[in-house]
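Chains as they are written, first to last, in our numbering: chain Z, 647 to 1056; chain A, 1451 to 1718.
Check each hint, because a few of them may be wrong.
Here are a few chain A residues that sit away from chain Z, every Cβ distance over 10 Å (derived from the structure) [to be verified]:
#1 T1658
#2 Q1673
#3 S1679
#4 R1696
Here chain Z is said to cover these stretches of chain A; the calculated rule only asks that three of the stretch's residues, wherever they fall, bring their Cβ under 8 Å from a Cβ of chain Z [stated by the list, open to error]:
#5 1569 to 1579
#6 1622 to 1636
Simulated from the structure, these hints should not be mistaken for lab results.
Being a predicted model, the structure only gives us computed values, none of them experimental.
Don't be surprised by glycine CBs; every beta carbon is placed ideally from N, CA and C.
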Amino acid sequence: MSAAAPVARSQTDMTALVLTAFTATSCIGRGRLEMLTKLKEEHTGLARCAFESLDLDTHVGEVSGVDAVRLPDGLREFACRNNRLALLGLGQDGFTEAVAQSVSRWGRRRVGVFLGTSTSGILETELAYRHRDPVSGALPDSFQYRGTHNSFSLAAFVRQLLQLEGPAAVVCSACSSSAKVFGTARRMIAAGLIDAALVGGVDSLCLTTLYGFHSLQLVSRTPCRPFDVARDGISIGEAAAFALLEPLPASLDADAVMLLGVGESSDAYHMSAPHPEGRGARAAMLQALASADLEPTAIDYINLHGTGTPSNDSAESRAVAAVLGASVPGSSTKGATGHTLGAAGALEAVICALAMQHGFMPGGLNTTQIDPALGIRYLRENRRGRVARVMSNSFGFGGSNCSLVFGQAG
Amino acid sequence: MRQLAPLTAYLDGIGLLGPGIGDWPSGALVLTGGTPYVPQSTVLPTPGALPAAERRRTGSIVKLALAVGFEATSRAGVDPATLPSVFCSSGADGQNCHEICEVLASSERQLSPTRFHNSVHNAAAGYWSIATGATPASSALCAFDASFAAGLLEALVQVVVDRTAVLLIAYDASYPQPLHAKRPIADAFAVALVLAPEARAASSARLTATFTDASTDRIPEPQIEALRSSIPAARCLPLLRRLARRETGCAVIDYLDTQRLAVEVVPC
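Bound-form chain Z, shown alone (with noise of 0.2 Å):
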């Protein structure tokens, strides 16, 4: 997997990477198996919106039971709701131990933490300003903008929590952000800075990205229904999605995942619209396959953004056919568990693990009639079958894409 790229020659240091852990969790389920069960069954997460206070007539995938989550003492100053989720998607599938025995193998300082998200946990801050001092107009006491609303919470959580001291850094770059990481995290290896990365992203809920897509007019009131002729926006999601990142060892599991390949790229087109060719799109999926070094014909499914706007499909479907021709099968996820921004890149480079591991591409849900404009293969239903390298699209506002490509060793 080292051979000379064709497009970016950076790639020519890398070596392929192996998922030694991984682990979900969202509106379908905590950790994998019953995120596995949901999307076999073809079950969407997606409910009508009770979140808050929130009076916005929409679905979301709200993760339940996250308030009931209590952080460790000594660490209450990172109590908010992307924490709790974070902790809570921690827990799933042995992730931690497998991040300790990752700790034994590499040592504190060489294993890194590269995590991504949107909004981190400024639903504290959002509630903190109903609480302002009348006279004042200060914050409430009990206000911690360092352990809830820097967007390095949470980073500096994971840190603390499982006892890392390695370099971090938290990718804030819209929905792109927990895909990029990636490749901060394939970076950091090849630099030979770290051995291994824990990588992931963690977004929830708040009044902030649920009344701002709203402004745009990019929120469907119904669960979303991306590359449908009436799609008409997103659905708003949360979920914590986690990887370990790790050398291939001297042999592989047959059903081991890889991370192969990672493009990324730059709009340079608009603040919050997709270029509408999808050229950025294009660029990203180009630099994956090339340091993969794979053809486009090897891909057997792709995740897409597949975010349910307008724009966003048909930009993205111009991409794809450009790059991987029209006879790719391919769907989003994000009809089952809603657009869950910056943690998506994560979320959906898990369902492409579960993907390859248990022989099946998710099919698109609540998407009836497939826009016949948008000249791609799109599933609507599950799909059996060997799946061993799949492609995932992330793009973000400022014009942010990411692509992965991921494999099976076998």
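Could you slot chain A onto chain Z? The hints should help.
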């Protein structure tokens, strides 16, 4: 453990803007002691390179980031459209965030679409790519007070691993009250570095970073040390001071609680 390539890059251009500092030459003069430091509120230029529609929508944080980006790429003599970029900031647009929180705490909750898209941490990166036409990868990072060092590390790693020149832009501005009381960032400050894998005519120094347990360098001049410690992006100042003085040696800058970043400077 694998043998590491040194985390080395050549510095081809600097941009700087902060309280009482209008650009890199004026900042360098202050840092060499050639002129006394006179703290004044940061003066933000208008970003002429943005289309008028985008210009109207940008807040001070974008003006700040774009100003140093253009200064650094111009000094390096490189076309900004060709460079991948790393943007790092502790809090991005605090004014915008405050206004969103005020609206959401009101009975109306009607956000402006522009306010919402400006709220993303990578807004400056987005406007930069629109202003310059830069389509390579752009990263937007946050590491609280370690944001500058985290950005520098990411930029150096890209230089070394991807063998490409990279533009680093670190920037922070104040929150208005009541957030300012919870996160007191003194004023607006931004620094940009163009870092490249090979020495060129424009290269002024070779930088090599390593992790260290040593403590962070303080600035001997109290007012400049106050600037360093009161704005996350200004944590770069021990490095800039050495660059301004064209001194060979090591600058230790703030990184995470567990370790600092030592940057060896060799002028060229």
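Hint-by-hint comparison with the structure:
1. Listed as outside the interface, T1658 (chain A) is consistent with that label: its C-beta sits roughly 13 Å from the nearest C-beta of chain Z, beyond the 10 Å cut-off.
2. For Q1673 (chain A), the requirement that its beta carbon stay farther than 10 Å from each beta carbon of chain Z is met, with the minimum near 26 Å.
3. No beta-carbon of chain Z comes within 10 Å of the beta-carbon of S1679 (chain A); the shortest separation is about 16 Å.
4. Under the 10 Å C-beta cut-off, the non-interface status given to R1696 (chain A) relative to chain Z holds; the minimum distance is some 28 Å.
5. Given as covered by chain Z, the stretch 1569 to 1579 of chain A passes the check, having 9 residues with a CB less than 8 Å from a CB of that chain where 3 are the minimum.
6. Residues of the stretch 1622 to 1636 of chain A lying with their CB closer than 8 Å to a CB of chain Z number 6, which satisfies the three-residue condition for coverage.
When each numbered hint is compared with the structure, no violation occurs for any of them.
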